[in-house]
Amino acid sequence: MVSALLISVGAVSGISAFLALLMVIADATIANYGEVKITINKDKELDVKGGKPLLGTLMEEGIFIPSACGGRGSCGLCKVKVTEGAGQFLPTELPWLSEEERSNNIRLSCQLKVKNDMFIEIPEELFNVKEFRSRVSGLVDLTHDIKQVSLELIDPAEIEMVPGQFVQLQTPEYELTDEPVYRAYSVSSNTSDTRRIELEIRLVPNGICTTYVHNYLKEGDEVIFNGPYGDFHLRDTDREIIFIAGGSGMAPIKSILLGMVDENNPRRARYFFGARSKRDLFLTDKMKELEQKLPNFSFIPALSNPEPDDHWEGDTGLITDVVAEHMESGNNTEAYLCGSPGMIDACIKVLTDKGVPEELIYYDKFG
Amino acid sequence: MKQTPQMKKIQDNMRPGVLTLNGFLGTDTRDLVEILEEDAAEVRRLRTSHRAIAEKMSILRDQGMRGLGEFIDVEPHFEVRVDSVRGGIPSPFGDAGLLRKTNTTVRNRRLTREIVFTDVNIHLIGEHGFYEGRGSLFRLEPAELVEILEVETEKQQTDLPG
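Order-wise, the sequence lines are chains A and B. So the first sequence is numbered by my numbering: it starts at 1 and just counts up by one. So the second sequence is numbered by my numbering: it starts at 368 and just counts up by one.
Isolated chain A (complex conformation) (with noise of 0.2 angstroms):
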């Protein structure tokens, strides 16, 4: 009896299983969804050829949405809103979507394949992401962790960009993936320069791209990146401005406060900078030289555990707690962190506990 029923089950999974096979092939090779059109922000339309996923078919069109996992579905970044032609939600979307999302129909772009069509709206800004080719012209060691990463453009041989956005770096297929995978970088350069862009990546435990900058990268490789992306920037206002950052959080503020010296911005600016000890302090020169171009700017590293070879005599403690000594009354303050959530979250708090507007805190979270 039991047998039985075992081996009735069995046949109807194998059954299940093998239909669902026949689908998935069937789909891939003989349905043809045949010229379908895209139409984006009720005004730009496309004639595309049915059958792929949307951010590759976006891509082909020279269109990029974020996404940081190279559309494996994986990093949930690619969001966008379609409003007619979308379907069901894919189970593969769905850890990726709030409720609110849902109901906005906001779908993953790199799951949701082109059948029909399709009624889409993106950011106006995301028409001025393309894709480089550049070369690599400077790898420098910042810390022993941090490495600082030179990008000649070949082509297109300029971009455009504001200071405090990111690029998406292309790993190719490498010992640590077989296929290339893209991952999200600030641009710590001065944007003025169209010809050139510089990173500043840390390595992170296993991961792919940073593992292949850090031991396979060379001088002169060619490197493909897409962008530009994000909307982090310096507002313009009269307010007093305080950076926070720490690592490879300094990328986008530096480029920012490049931004200010071309601009010779005069707001009064303090940047806090937290490292554990003087072997994870960087770019200390180029910072002072920066507190002579700009009249009202300061920098503030701060050591949260400084070795007694270090002879520090600057602040000491977490990034946090030297901010709140520091710091008046935050009325007429805005600020940019960059960092860790963790550590976004601890700034916040400190910031708000002085009198920081929440809506003026802006950042970049690398979470």
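None of these hints come from the bench; they were simulated from the model. One should not assume that every hint holds.
[As the list claims (entries may be wrong)] Here are the simulated lysine-lysine pairs, DSS-like style, with alpha carbons at most 27 angstroms apart:
#	chain 1	residue 1	chain 2	residue 2
1	B	Lys376	A	Lys113
2	A	Lys79	A	Lys365
3	A	Lys147	A	Lys278
4	A	Lys81	A	Lys113
5	A	Lys79	A	Lys130
6	A	Lys52	B	Lys376
Position chain B against the provided structure of chain A, taking the given hints into account.
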């Protein structure tokens, strides 16, 4: 124990390119049930439990968070750094929503040894007794975890005075 259809579905989620680029199985060709059973036997041999290991990982991760992305001293002789990268990863068991891509690095100064684990590891070990397959980039050996993180074992518990 035999691999159930449910277990097979979970193992399919663990393959490269399904939830993550490299998957959770590495070069391991064993059934998921065998992987779980062998690691469970190892944990029993070490006289501890998956939950105790995951709990120690969580405690060190939470204390390391205070370092705001830099290494911080944690009693009695650990240095811990917690850092995050963009994005998240769903559990292949389909039970935890999205887990942050957070790495915790623990240095044991007494042993001069170091281990790195993720929030995904903590969840998979604590809830499912899964340490990832052999050859996986994020595979953790139970014995190394117990030794480097100084997870309390039954023997140590019974050795404690009254």
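Structure-based check of all given hints:
Distance restraint check for B/Lys376 and A/Lys113: the Cα-Cα separation of roughly 23 angstroms lies within the 27 angstroms cut-off, and the hinted pair is therefore satisfied. Proximity of A/Lys79 to A/Lys365 is assessed by CA-CA distance (about 17 angstroms); at most 27 angstroms being required, the pair is judged to hold. Of the pairs offered as hints, the one joining A/Lys147 and A/Lys278 holds, with about 16 angstroms between alpha carbons and a cut-off of 27 angstroms not exceeded. With a C-alpha separation of about 14 angstroms, the suggested pairing of A/Lys81 with A/Lys113 holds against the 27 angstroms cut-off.
Restraint check for A/Lys79 and A/Lys130: satisfied, since their Cα atoms lie roughly 18 angstroms apart, inside the 27 angstroms limit. Of the supplied pair hints, the one linking A/Lys52 and B/Lys376 holds, its CA atoms being roughly 25 angstroms apart against a limit of 27 angstroms.
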